[in-house]
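Chemist: Chain by chain, the residues run as shown.
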Amino acid sequence: MTYKVLYYVNQFFGQIGGEEKADIAPILKNEKIGPAMGFEQLLGGEAEVVATLICGDNYFNEHEEEALKFIIDAVSEVNPDIVVAGPAFNAGRYGMACAGVATHVFDELGIPVVTGMYKENPAVDHCKAKAIVVEVSDSAAGMRNALPVMAKITKKILKKEELGMPKEEGYFPQGKRLTVFSNERGSERAVKMLVARLKGEDFETELPMPVFDKVEPAAAIKDIKKAKIALITSGGIVPSGNPDRIQSASAQKWGKYNIKDIESLKGGYYTIHGGYDPVYANEFPDRVAPLDILKKYEKEGEIGEIFEYFYTTTGTGTSVGNSITFGVEIGKELMDAGVDGAILTST
Amino acid sequence: MKLELRKIKVTDLALGNEMKFENGLLTIDPQVIIDGLKDDVNVKDVRVDIAKPGDKTRIIPVKDVIEPRVKVEGTGNGFPGVTTKMEQLGSGLVNVLSGAAIVTIGDIVGFQEGVIDMWGEGAKWTPFSTTYNIVVDISVADGLQPHDHETTVRIAGLRAAEIVGEVARDLTSDEVEVYEMGNIFEETNKYPDLPKVLYVEMLISQGLLHDGYIYGVNSQKILPTLIHPNEELDGAVISGNCVAACDKITTYQHQNNSSIIDLYNRHGKDINFMGVILTPELTTLEGKFRTCDYTAKLCKTLGADGVIISEEGYGNPDSDLLMICKRLEDSGIKTVLITDECSGWDGMSQPLADTTKEAVAVVSAGNVSHVVNLPPADKVLGNPEAIATLAGGWEGCLNDDGSMKCELNAVIGSTSEIGYHNLTVKLY
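Residue numbers (the working numbering), protein chains in the order written: chain A, 1 to 347; chain B, 1001 to 1428.
Hints listed in this document are in silico derivations from the structure and should not be mistaken for laboratory results.
Where hints are given, some of them may not hold.
Calculated cross-link-like contacts (lysine-lysine; reagent style PhoX-like; alpha-carbon spacing at most 20 angstroms) [as the list claims (entries may be wrong)]:
no.: 1; chain 1: A; residue 1: K192; chain 2: B; residue 2: K1334
no.: 2; chain 1: A; residue 1: K167; chain 2: B; residue 2: K1426
no.: 3; chain 1: B; residue 1: K1002; chain 2: A; residue 2: K192
no.: 4; chain 1: A; residue 1: K176; chain 2: A; residue 2: K119
no.: 5; chain 1: B; residue 1: K1124; chain 2: A; residue 2: K214
no.: 6; chain 1: B; residue 1: K1426; chain 2: A; residue 2: K192
Just so you know, these numbers come straight off a predicted model, no measurement behind them.
Next comes chain A alone, as it looks inside the complex (with noise of 0.2 angstroms):
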């Protein structure tokens, strides 16, 4: 069995005209155009290209939405094992048009994609985490180099092989950081560091410094003896039982629970989180999540009213990835639910 190529040009590379043609609509033709010719040959016989996707520049970039509809329609009609875009060089339009087509085919239909880009291209900060983007040169003139090289890493994907490194296959890191086996154990990696450094000679890191987000913080709150609070920690405080079967560690989820009719986590609560020493915890649990204090406030007026859901997840090893997800699941319900603010502990 041969593998099905989709292909995706824009109204130059699909031969309908230049600026002028930047315009048209995305239209599908079931045939070889442009690079998929070559691209095609390249194959070796391994696979096939079955139809080409061309959509003006300015058409995607304008109507993207209407673009996409019909782009995502068509690839499902054809349902190709792989889509490859491009390569877009340095040419922006065509580059954002490339990219949103790797992202979507690739979030919406699960088809792998590849494509090739100049490094420079903003385009490939866009897709490059979902599709694999080949470095190319600047220009149309390196079609000839470009066209090979994602051939090659086409038929590995399509094969199911493991792709080799970035720099070795020629395409830009997706920003996995895959675990991998060393020759040297990493206190032998470590000593050569350090003496390569005190020697003055070039050395590489195995891990560059991750550069971190910055939340601005809500507005105040204009007055808290109206206010609804809730109340929220990443202590891995659950109902006994974990009955949500939340993670000790590295939390794939978070829970929430209903403390309406509760003045204290004293008693049906305990903590799950594999991070600290979980003995005074589990004795009084409000010592993590200070639901006690919250209530007594509560019937003092000192606020207004704790919200009748108390949210829950474990914090240690827990990637950042799942904490945005977490953080955004659970922001939305508070703002739904119209909180006002939020006491979030951590351990």
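Given the coordinates of chain A, work out where chain B should sit on it, guided by the hints.
Modeler: Quick look at chain B alone, frame taken from chain A:
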């Protein structure tokens, strides 16, 4: 100080009716260990099993790993300050049953103990699949409080290592590793042109199941302290830890600290290795400032040109690691850090909980959330169900056929931040 480790190579292991060593075969009489450990009234029951490299055996949940040894010349047999009376460590002759290990198992109160697979896929992720393991399952007296429970199991493991180590008392071997170093002035006079290097070893110090001990002193209670590398190789530092299994430093790894050994190997060649600073990882902000300032001050006082800093655990200790790094780099001392990463199942998340631009030279020991699939074992020592509550496991990750899916988090020593294992991370 001169420490000689005479390595008696264990190449096979069996259970039998006496404790003996012959032609590489170490024979263990379980009753000797059981009787020895039951001296402690808090120990209710002890089971002894063995697991050899290549056996289709899974050990879970593992608390600590300890190397069996006996000191035959010099002061300080056993673990002074913990299991034996206080004596100075770091000199003398030690007979080591090299290749053997005591592995303690048994439920405690935490979620942090780990897995060792002795064969196949799982074996490559842990350094303790290549040791001949004497697995000691300890149950404690009913009604014991969690903190006493932890102490009982910790000490029982060390005692078991001493009991087994006694087998080596009258043995000999041609393989002797010598660790010798004069005082800092002597070494500096000997190697005036070599850069002066210190090793900062951070120790988790956070309470139950999260403490290291130095001559029996809980690291939580100390200011950062200078220790001769030989003292650690001789058993001065032990683990009271069940942080995530992947990067806790077991007692075995202190006894064989790879950072110390690899620095020693370069001593007098490329560097002048001056010593080890043990630094507690505290949880309070004030504690972090105190220990990080103090560590940097010790390094400066000793005139270090370069420092290797190793972490234990992840999350909040990332801050200590980077705070020490920043302070040293700002003083013109070059650093290399060893850490691991929490990059998520897909490896797409930011790897550390803190960041500093001064950390330009970092060794990564792997992503703790890297997911591995472990096939079913023929034999499980301990309790396979424990994976559901281990850090790195979850409810449902153990399949009916005994295979399981877990994160490296659960695998003992997989992402060792003293660089004991050989994982790293590449950007794809």
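Chemist: Determine for every hint whether it applies to the structure shown.
Modeler: Status of the hints after comparison with the structure:
no. : hint                  : in the structure
1   : K192(A) with K1334(B) : holds, 13 angstroms
2   : K167(A) with K1426(B) : holds, 11 angstroms
3   : K1002(B) with K192(A) : violated, 25 angstroms
4   : K176(A) with K119(A)  : holds, 18 angstroms
5   : K1124(B) with K214(A) : violated, 39 angstroms
6   : K1426(B) with K192(A) : holds, 18 angstroms
Against the hints set out earlier in the document, violations occur for numbers 3 and 5.
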